[in-house]
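Since the structure of chain V is provided, determine the placement of chains A and S with the ligands on it from the hints.
Residue numbers (the working numbering), protein chains in the order written: chain V, 5 to 760; chain A, 743 to 896; chain S, 62 to 306.
I should point out that these hints are in silico values taken from the structure, not numbers from a laboratory.
It is possible that part of the hints are untrue.
To be verified - One side of the interface only, derived from the structure: several residues of chain A facing chain V at Cβ under 10 Å:
hint: 1; residue: H763
hint: 2; residue: G775
hint: 3; residue: Q828
hint: 4; residue: K866
hint: 5; residue: P880
hint: 6; residue: V896
We put the CB at the ideal spot given by N, CA and C, even for glycine.
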Amino acid sequence: MKRATQSTETPQVGRSVPRLESWLKVTGRAEYVHNLRLPGMLYGKIFRSSVAHGRIKRIDVSAARALGGVHSVMTGEDVRRLVPDPYYGPAFHDQPVLALDKVRYVGEPVAVVLASDPHVAEEATHLIVAEYEALPAVYDEVAAMTSKAIVHDVLKPAGTFPDLKHFKGRTDTNVALDFHLRRGDAKKALAGAHRVFEHRFRTQQVMHTPLEPLVSVAESTETSLTLHTASQSPSFVRSEVARLLGWPENRVRVRVPYMGGGFGAKLYIKLEALVAVLSLLTRRAVKISLTMEEQFFTITKHASTFRIKSGVSADGRIVARECEVWWNGGAYADIGPRITQKSGFTAPGPYDIDNVLIDSYALYTNLPPAGALRGFGIPQLVWAYESHTDMMARALGIDPVEFRRRNLLRDGRPQATGTVMRDAAIEKVLERVAVLLDWKNPFDRGSGALRRGRGIAVGFKACVSPTTSLAAVNVNADGSCIVYCSTTDMGQGSDTAMAQIAGEVLNMAAESVTVVHSDTDVTPYDMATLGSRSLFHMGNAVKLAAEDAKKKLDQLRNELGLPADAEIPDIFKRKYGMQAGNVVGTGSYVPTYKSPDENGLTDSATPFWMVGGTGVELEVDTETGRVRITRLVNVADVGTPINPRIVETQLSGASIMQLGFTLHEKMQFDADGQLRNASLAEYKIPGLLDIPQEIVNEAVVAEQKTGPFGAKGVGETGTFSVSPAIANAIEDAVGVRLTSLPMTPEAVFMQLQESK
Amino acid sequence: MRREIRFRLNGEAVSAQVAPHETLVELLQEGFGLYGARESCGQGLCGCCTVLVDGRAVSGCLYLASLVEDSDVRTIEDGGELDAVQQAFIEASGFQCGFCTPGFVLMTRQLLDEIPDPSEDDIKHYLSGNLCRCGAYPEIIAAVKLAARKRKGV
Amino acid sequence: MLMMKAGVLRPARLVSLRKLNLDSISNGKDGVLVVGAMTTLRELERSAAVKEGWPVITRALRTLSNVRVRNVATVGGALAHADPHMDLPPLLSALGARATIAGPQGERSAPIESLYAGYLENTLRRGELITHIEIPPLGKRRAAYLKCTTRSADDWPALGMAVVLDGGEARIWVSAATDKPTRLLAAEKILKGQITDEKALRQAGAAAAEEVHIESDLHGSADYKKQLIRVYLARAVHEARNAVH
Ligand SMILES: Cc1cc2nc3c(=O)[nH]c(=O)nc-3n(C[C@H](O)[C@H](O)[C@H](O)COP(=O)(O)OP(=O)(O)OC[C@H]3O[C@@H](n4cnc5c(N)ncnc54)[C@H](O)[C@@H]3O)c2cc1C
Ligand code: FES
Ligand code: FES
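Chain V with its partners taken away, still in its complex shape:
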């Protein structure tokens, strides 16, 4: 599609520009790694562990190797020939490229068959025989605290994070991080409180299931390696693969085209280290595409247990709160320890509480690894604290909205860490949800077997910090513009937003701006596309880069004696005598941040807060327990939306995803840690017939003063409050309280029976 370069005075920011890649996507031409075939390429198929915890006694690959058409079969020992210490991970160097010595969950990669025909490779995996000496296993996060079953013999922190250093060399523990926060004196305040409430909540293990399953391709020469990968973190992949190989980073190139969804599944190292090593060992290009089923054995979302205890004064103010959270990280830490801390410190919720105690633990267990999933732990926390809040309000006989109002954390007040809240429209969000639900007025409660209820919840999140983004903006001699950044577009619309930001600075139509996809040989460093950080961090970097380019153009006009309004092509023609040359602006953004002290306190915990509230109207069939959502209201503080339409669809899409996690999605394991539903036939995600009758999405009028044009991230916000709003509405409808997810018809029905 030819896009003309248009100079424009109309604002680019705040305009619902259709996605730049629209044509590519509706015609099936968008580039995904999936499509890539390289000459001589081998396909890898993975042979996986059948036991949850065991010492590897023997792996017999002879029959697989002998199958016609098989190129080779590789195990952990082959990997070790090339990489002496083949363990990776963002927080701990705990995950082997292929299992070594031990397996730690059912489904862990143990060997890979390579063949030119993927069917042959697949068939050969069935011929591999592995023998294990079974070890005791642990699956529950709370049990893992004290279990005799130890998942990792020795802990090996990656060294990047100061709060993990003291774990180095630890043995006999499954704790991969313990975060503690103490502010005021929670114990004393609880002892003196008018009423004390204590509840315990659980969330289940679920999976991202991006429709484009994880896929990576590696090609190599003697001295260089190129990875084409569906990754949300190309810069991390480059540095981690370079570290494993002992190479400088400039010999590893990581390219990411479009992605068919990510949601946190495609972060850090997934298949990249494996295909890299296989390519170097075979001197061939190697591709591994996971099936939907295999994704369940690769990365998941933390199951969790949350004990929460609050003291309330006679006038309905929360005076103290104790939070104890256990995160089930599975067999490898992935980013779990960061979730434990970065989200852990928001566990008391968006409330103004003077006395707070938080203990948050990342645990290893013998389940598939857990990482970030659209909210970085926040939905698990909001589930607990917003259910707890409602339960207290009901017990105290105070209207749930009024109870929240009384306790809300307002701008200018310190959050649990001591960081003062700025630009967090918590109150506005709560009030808008209440208005959109018409909370003040009576509500039709249904009759007969169908009972109706409504519920509300509001949650917040601190964006991870400190993280860095760099960008470059190139203005060509004809005046056209290219943005270089390593933010990856997995459907959230970042390409479009970055083009709008650059266009706004340079007075160009966003549609005429090109955004180069992540390629670490070309695009500058970026921490990763995660945690709703990119629009803020990369947005700021792109804005700075565009401003730098603009400044350089202005300087050129000045130097060349051209008027201030001279067209860009004229500048270059004057300077080079023809249409030649270009101007490159660069920008780099790192927000201020201060690490928490020994009490978990800091006055600069995060560059910005995200706020998401949800209101729900629903119907419960009291004979079957089935819950039908008739109305779902999502309200968020996203600062000033860069692209209102994309913001709306992000909120809506996130809330629909969270509906699945709330009502039916669950990875079901048997007593031996075998997953029983690793496919979309048995692990059901929401379809068209499952969405609420009506969904309303709204961004409140707000501004993030430090964000690009007042904006901040939104990708996760729609997930925060959906689950507790539904639980609260169920209690409103039928008087029973669910404290575990998912709230299946059966769970609701059984609770109804118990309450009789």
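Okay, now just chains A and S with the ligands, sitting in the frame of chain V:
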């Protein structure tokens, strides 16, 4: 055990060597470099692999390649200018990551051929075999309605 | 096909029945509908004759998997596969349909329900094929099929309940929760002449839940599925009574 088959692909007569277990998606990708039909669930549930065979939508992940012998096969890559359905998906923001989009576009065309003015219930039922993990469902419903209006020229 | 993909079946040879000309829907004697076994589910769904004479089938097909599957799946496959979660076996059993089966020993006719021995187990003998099914006219009978999914809406059913009312009598078949389509005789007995009586419906539901063996699985516990049987029995009878036909 490969066998030669002949069929029409997006209007052109073609032939291919296919193995008995080979699926239609594999044939389109490996044999013809067409990647718009793509495998995701591999079980007939998500519609990412939708292909039209003799005017009927099928799941290319479950459809044996050898069965398209003498058939007319059409994929999302067929055709030049964007049609009403594709335009409507763009205007109504009916996608995010785009992985599910070719399937939704092809199924929507089928739906509108059968029911030019579908109700919301018709849309939900007809497209219930297409999944979108990005959750663009409300926008997809809007896109289908818009496409229906566009087709009628209003 | 699904089992081949999953590697459960690794056939050396596949036999295609496509060219046998068994894909027509026609009217037989006495108002019987004759459906060729190779008729696709979609052809059955869109057939005007079916919609006119057996609208319960048209309605049931609308939520049976999805359009792409129905475009390809055949009536014969849907009956021979013997997965208890399939929708047509209980419905066609309740309607009193029969299958014509051709085999090395010639042709035989058998009631649909007799095709099932257990979970994924049919009673077809080696070399036998279903060639047709015959569905008797509904006449004055009223029919309903209710499908209950417990996870997403497009899931396979946790319970399928077919009810055909003939005057004061009900014929009730359940599947999905049971390992093959199963007739609820005790419930039918209680309902005899009492299909409009709420108390009888409750009693029949309770009897139905007791007369079948149910296992817990990923769709729900045995206890919960028994509750679904209790509730859906009455709901299906109501729906059948109100069926416009
Ligand atoms: C995603 C998905 C969802 C589904 N959901 C549902 C659902 O909700 N409800 C439901 O009822 N079904 C469901 N199905 C099943 C579907 O409707 C088909 O019935 C099923 O695929 C079998 O039909 P087929 O014609 O493809 O059979 P095939 O796969 O061709 O055959 C199935 C078996 O029957 C044998 N067979 C086929 N024809 C004959 C014959 N004429 N005589 C004797 N044996 C024969 C075959 O040898 C094979 O063993 C679903 C399927 C999919 C893929
Ligand atoms: S990949 Fe074929 S339907 Fe999902
Ligand atoms: S747009 Fe991503 S799956 Fe539908």
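For each hint, the structure was consulted:
1. H763: The hint holds - H763 of chain A has a Cβ within 10 Å of chain V, the shortest such distance being about 7 Å.
2. G775: Holds: closest Cβ of chain V sits about 8 Å from G775 of chain A, inside 10 Å.
3. Q828: Holds - the Cβ of Q828 of chain A comes within 10 Å of chain V, reaching about 4 Å at its closest.
4. K866: Holds, about 5 Å.
5. P880: holds (6 Å)
6. V896: V896 of chain A check fails; min Cβ-Cβ to chain V is 21 Å, beyond 10 Å.
Consistency note: the structure conflicts with earlier hint 6 alone.
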